[in-house]
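Whenever a hint applies, use it, and build me the whole structure from the sequences.
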Amino acid sequence: MRKYLLAAAVMAGVPVAIVAQSAQLQPGEEPTKAVSVADTGGKKIPNTWICVLKPGAASGNPGAQAARSANVGGGRVTHVFEGAFEGFTLRIPDRAIAKVQANNPNISYCEQDQVMAIASEGKASIAAVSAQGDTLPWGVSRVGGGSGSNFRRAWVIDSGIASHPDLNIDTSRSRSFVSGLGYTDTNGHGTHVAGTIAARANGGGVVGVAPGAPVVSLRVFDGSGSGSNSAVLSAVNHVYNYGSAGDVVNMSLGGGISTTLDNAVLRASNRGIYFALAAGNESQNANNVSPGRVNGSYIWTVSAFDINDRFASFSNFANPPIDVSEPGVEIVSTYLNGSYATLSGTSMATPHLAGLILQRSVRNGGRVTGDRDNNPDIIGIR
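If you read the sequence shown in our numbering, its first letter stands for residue 4, the second for the next number, and so on.
It is possible that part of the hints are untrue.
With a straight-line cut-off of 30 Å between C-alpha atoms, the simulated DSS-like cross-links for lysine-lysine are [to be verified]:
{"id": "1", "residue 1": "Lys-47", "residue 2": "Lys-102"}
{"id": "2", "residue 1": "Lys-46", "residue 2": "Lys-102"}
{"id": "3", "residue 1": "Lys-126", "residue 2": "Lys-57"}
{"id": "4", "residue 1": "Lys-57", "residue 2": "Lys-47"}
{"id": "5", "residue 1": "Lys-102", "residue 2": "Lys-57"}
{"id": "6", "residue 1": "Lys-126", "residue 2": "Lys-47"}
{"id": "7", "residue 1": "Lys-57", "residue 2": "Lys-46"}
Label-pair distances were calculated between CB atoms; the ranges are [said to hold, decoys possible]:
{"id": "8", "residue 1": "Gly-206", "residue 2": "Gly-66", "range": "45 to 55 Å"}
{"id": "9", "residue 1": "Ser-227", "residue 2": "Asn-377", "range": "18 to 28 Å"}
{"id": "10", "residue 1": "Asn-74", "residue 2": "Arg-313", "range": "49 to 59 Å"}
{"id": "11", "residue 1": "Asn-64", "residue 2": "Ser-227", "range": "29 to 39 Å"}
{"id": "12", "residue 1": "Ser-182", "residue 2": "Gly-206", "range": "38 to 48 Å"}
Don't read these hints as lab results, they were simulated from the structure.
From the three backbone atoms N, C-alpha and C, an ideal C-beta is built for every residue, glycine too.
Listed below in structure tokens is the structure:
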């Protein structure tokens, strides 16, 4: 896909181009195991269906269409979507979905809900970071981040964001789309992602690529790092409704192919909102995962490399859809309880790119070695 130079004009929503050239864990507590897409992502959720309405069919009231369909099929409504698209999710016997569609001509199609999962590898390990003086993680240094101010907003669709001295959380815009849970992270993944994007230069701890940028917590995963496509769609709709041109959305997550999710991301990006998408960690073609396979002028899919610029062994590949590669192996960032942790994955690479977009500069910093598709990805730097 074609990108444009990201410069000061990003504030008006101009697309981007590459130019050539610890509070501690409790005693005995193990760091949360990351649930990877390979573990669970893409698995169908029984008796749960996402129905997309035809454009204009809901007349601004998709909830009424949802209730009508639930009554026909003997199910219940769990989500109502309004924004990038109109629709709803039903908990309904799988055998009844054909009846629902036949009895509501306003439905364009229905897609079975699926498990979505965070795109990191293995367990987090708690990292020792000095409280005296700022620490610049190797990835932030490699991409040229760690300075600047007056950044736009980063929306983090993830496991939530926990309170941390290094983070500037926009609590007024933060939301949870997981039933019964608030937007505060209990897994650690979303907090880690947020720190790589925007940890403050506050005289101690780590510094992010765009230090001090406001981060919005949009929680779609529970404490184990597992969630549903319906929750992710709700978060994308939230950004569509409340985001602004020049903001960036970080999606360090993935699942099986979802036409509904792909289209929602594309429509939100058409408002001038940037999306940084993880390529995934299955060592497979990134065209097989959503939303990482989506192409668009405001959409960037990110692979991972290590401290020696070697393509990460776990990273998905293929260009397109991959636009750029970023540091994703042994990345130190913010974590639960005011601590710091090391994690790896395209989840960790993607927020480096999100921070660069906030910096309004993504340049060609060379190419990775060892890319599996023999088309080495460009390294994005400031």
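Status of each hint after checking the structure:
1. At most 30 Å may separate the alpha-carbon atoms for a hinted pair to count; Lys-47 and Lys-102 meet this at roughly 20 Å.
2. Proximity of Lys-46 to Lys-102 is assessed by CA-CA distance (about 24 Å); at most 30 Å being required, the pair is judged to hold.
3. Straight-line distance between C-alpha atoms of Lys-126 and Lys-57 comes to about 43 Å, which puts the hinted pair past the 30 Å bound.
4. Pair hint Lys-57 plus Lys-47 holds up; C-alpha atoms about 24 Å apart against a cutoff of 30 Å.
5. In summary, the hint linking Lys-102 to Lys-57 is supported, as the alpha carbons are separated by about 17 Å, within the 30 Å threshold.
6. A hinted pair counts as satisfied when its Cα atoms are at most 30 Å apart, and Lys-126 with Lys-47 qualifies at roughly 25 Å.
7. Only pairs whose Cα atoms come within 30 Å are accepted, and Lys-57 paired with Lys-46 is accepted, the gap being roughly 26 Å.
8. Distance hint check for Gly-206 and Gly-66: the Cβ-Cβ separation is about 49 Å, which falls inside the suggested range of 45 to 55 Å.
9. In this structure the supplied range 18 to 28 Å is violated for Ser-227 paired with Asn-377, their Cβ-Cβ distance being about 37 Å.
10. A hinted range of 49 to 59 Å holds for the C-beta pair Asn-74 and Arg-313, which are about 56 Å apart.
11. Checked against the hint of 29 to 39 Å, the pair Asn-64 and Ser-227 passes, with Cβ atoms roughly 35 Å apart.
12. Remark: the range hint 38 to 48 Å for Ser-182 to Gly-206 is upheld by a beta-carbon distance near 39 Å.
The structure fails hints 3 and 9 (numbered hints given earlier, in ascending order).
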